[in-house]
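Chemist: Letter by letter, the chains look like this.
Number of protein chains: 2
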Amino acid sequence: MIRVVILGSGNVAQHLYTGFLDQKHAKVIQCYNRKRLLFHPAQEENSITDDIGSLKEADIYILAVSDNAITPLSAQLPFKNKLVVHTSGSVPMKALCNLNKRGVFYPLQTFSRDKNIDFDSVPICIEAEEEKDVHLLKDLATPLSSKIYEISSDQRNILHVSAVFVNNFTNHLFSIGNDICKEHNIPFEILYPLIQETAQKVIQMNPDQAQTGPAIRKDTKTIERHLNILSDPLQKEIYQTLTKAIQSKYGKKL
Amino acid sequence: MIRVVILGSGNVAQHLYTGFLDQKHAKVIQCYNRKRLLFHPAQEENSITDDIGSLKEADIYILAVSDNAITPLSAQLPFKNKLVVHTSGSVPMKALCNLNKRGVFYPLQTFSRDKNIDFDSVPICIEAEEEKDVHLLKDLATPLSSKIYEISSDQRNILHVSAVFVNNFTNHLFSIGNDICKEHNIPFEILYPLIQETAQKVIQMNPDQAQTGPAIRKDTKTIERHLNILSDPLQKEIYQTLTKAIQSKYGKKL
Ligand SMILES: NC(=O)c1ccc[n+]([C@@H]2O[C@H](COP(=O)([O-])OP(=O)(O)OC[C@H]3O[C@@H](n4cnc5c(N)ncnc54)[C@H](OP(=O)(O)O)[C@@H]3O)[C@@H](O)[C@H]2O)c1
Ligand SMILES: NC(=O)c1ccc[n+]([C@@H]2O[C@H](COP(=O)([O-])OP(=O)(O)OC[C@H]3O[C@@H](n4cnc5c(N)ncnc54)[C@H](OP(=O)(O)O)[C@@H]3O)[C@@H](O)[C@H]2O)c1
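If you read the sequences in order, they're chains A and B. Just so we're aligned: the first sequence equals residues 1 to 254 in the UniProt record's numbering. Just so we're aligned: the second sequence equals residues 1 to 254 in the UniProt record's numbering.
FYI, nobody ran anything at the bench for these hints, they're computed from the structure. Bear in mind the structure is a predicted one, so any value in this text is a computation, not a measurement. Be aware that a few hints might be false.
Same chains, same names: a pair is fine if it fits in one copy or spans any two.
[Unchecked claim] The calculated DSS-like cross-link candidates involving lysine-lysine, where the alpha carbons are at most 27 Å apart (straight line), are:
1) 182 to 147
2) 218 to 236
3) 218 to 115
4) 94 to 221
5) 201 to 115
With these hints in hand, go ahead and build the complete structure from the sequences.
Modeler: Dropping the structure here:
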């Protein structure tokens, strides 16, 4: 059985804790966080600590803390030569203090406090300095998820910037759609099926083939009418920038 | 039984034809298109025409043709005082020739030739000049979809610009994610679960609450690293514009 210590009490720490709860192959033997927060009613009081000095002996220490806390916290750990991993998409593995064996256990998903995640479909990107630690991380990930990828720090960086486009920026487009509907007293939920289908399509066809709309059609009249509807200058700018990008990308093919 | 004639042979015409195929309450008695295209093997040859002069007597004529063909085609119809509707999100109802009774039957979804759609979840936005035609369109839509909305031309315009953000522009962000991954030999499919979850979240929480990422965190270091990774100037511009918009929208709350 793989003994795990989770450090941090944010979204990722909580979801990881819950993910490991039903597993036989691994056990979270201790949690460290500054507020001594419990993740689950069944969690034993003495398995939580706010004292970095009293961390228990374990096989893997998972630092699920804010990106900028990874380096300082890893340097505070009171032991050497243990496997210490972080969960960040953008921090290099080598940002961890080199007194321990370093690795990454990056769940490529968007976690929120109040929304459960089916871990089985969460891609887990792993990296470690030593081959046997790669195996240990794979062993840890296998019963949790059916999608495990060995990914270098450089590749993880690329994935992270792509994730910003398909998640953070996409969500902002949803928030603009929501604002426009609200401003005109139209229920935003009318657009839910379209949003779901847009996301479904990407699995079945290349997004270049799925591209439709006034921009790719060079439908100048509609584009102008849309720009007149938008009252917010930033919404206008996003509309223009994305329209220009779509026309530039597919211009040659039209 | 409601007798329907469908004009046009594009994505919407084909999906509508298929949607009505299993219905008892309505029957597509004829299809008009310039290429005499068949939509289905069971379709009878003599129910297809390319001659606008020989349209059959029906209760509803659906013009599922390109936006800019709606006005001229509606003016060519060889009859008067019949209910004629178009299927466009952005064309006003009054763009139809006023010799007939006018209406709109707008399925708010993204249709592609090779992808089936479950019509039951497609919101149908209807509009008509006369109350009894609104009822007829509702009768036509009811067995097809569980989401029917009476929407004015002005509201439809608003929905359409929102749809451009949540569908066309979102799809372009997916295509950028795909390009970035391809450029660096990383399988884009690693991002599919994140894309699905992003779209799922919007149903369960307000997109403003779901916003995460370096922009809202004002994580300047990560933003800079990402901009350095992007080689395409248009990708850079989109990254900067959306980052600025997110920071401006949530700036006060941070
Ligand atoms: N959220 C996601 O969707 C997601 C997805 C994949 C990966 N990640 C990565 O996972 C890591 C954690 O993200 P998160 O979303 O869980 O963050 P979060 O919800 O903001 O929580 C951050 C946690 O870090 C702790 N922390 C911050 N500074 C610390 C320090 N100096 N010493 C000890 N603990 C400290 C915080 O503790 P206090 O409460 O005591 O301040 C808190 O428990 C990050 O590297 C992030 O990039 C996040
Ligand atoms: N695609 C979508 O996702 C979607 C969703 C909701 C609503 N709509 C709306 O539905 C309508 C049709 O869209 P679509 O995607 O089905 O278009 P499409 O696939 O591009 O097909 C356009 C059709 O219009 C016909 N057409 C063009 N000019 C014509 C004319 N002067 N006379 C007769 N037929 C003419 C074309 O016939 P030929 O093949 O003979 O040229 C073709 O059958 C548009 O108003 C669109 O805005 C589309």
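Chemist: Determine for every hint whether it applies to the structure shown.
Modeler: Now the hints, each set against the structure:
1. For the homomeric pair residue 182 and residue 147, the shortest alpha-carbon distance between copies (19 Å) is at most 27 Å, but the shortest distance inside one copy (38 Å) is not.
2. For the homomeric pair residue 218 and residue 236, the shortest alpha-carbon distances inside one copy (17 Å) and between copies (23 Å) are both at most 27 Å.
3. Taking the shortest Cα distances, residue 218 and residue 115 sit within 27 Å of each other only across copies (24 Å), while inside one copy they are farther apart (40 Å).
4. Proximity of residue 94 and residue 221 under a CA criterion of 27 Å is satisfied inter-copy only: 17 Å between copies versus 53 Å inside one chain copy.
5. For the homomeric pair residue 201 and residue 115, the shortest alpha-carbon distances inside one copy (24 Å) and between copies (8 Å) are both at most 27 Å.
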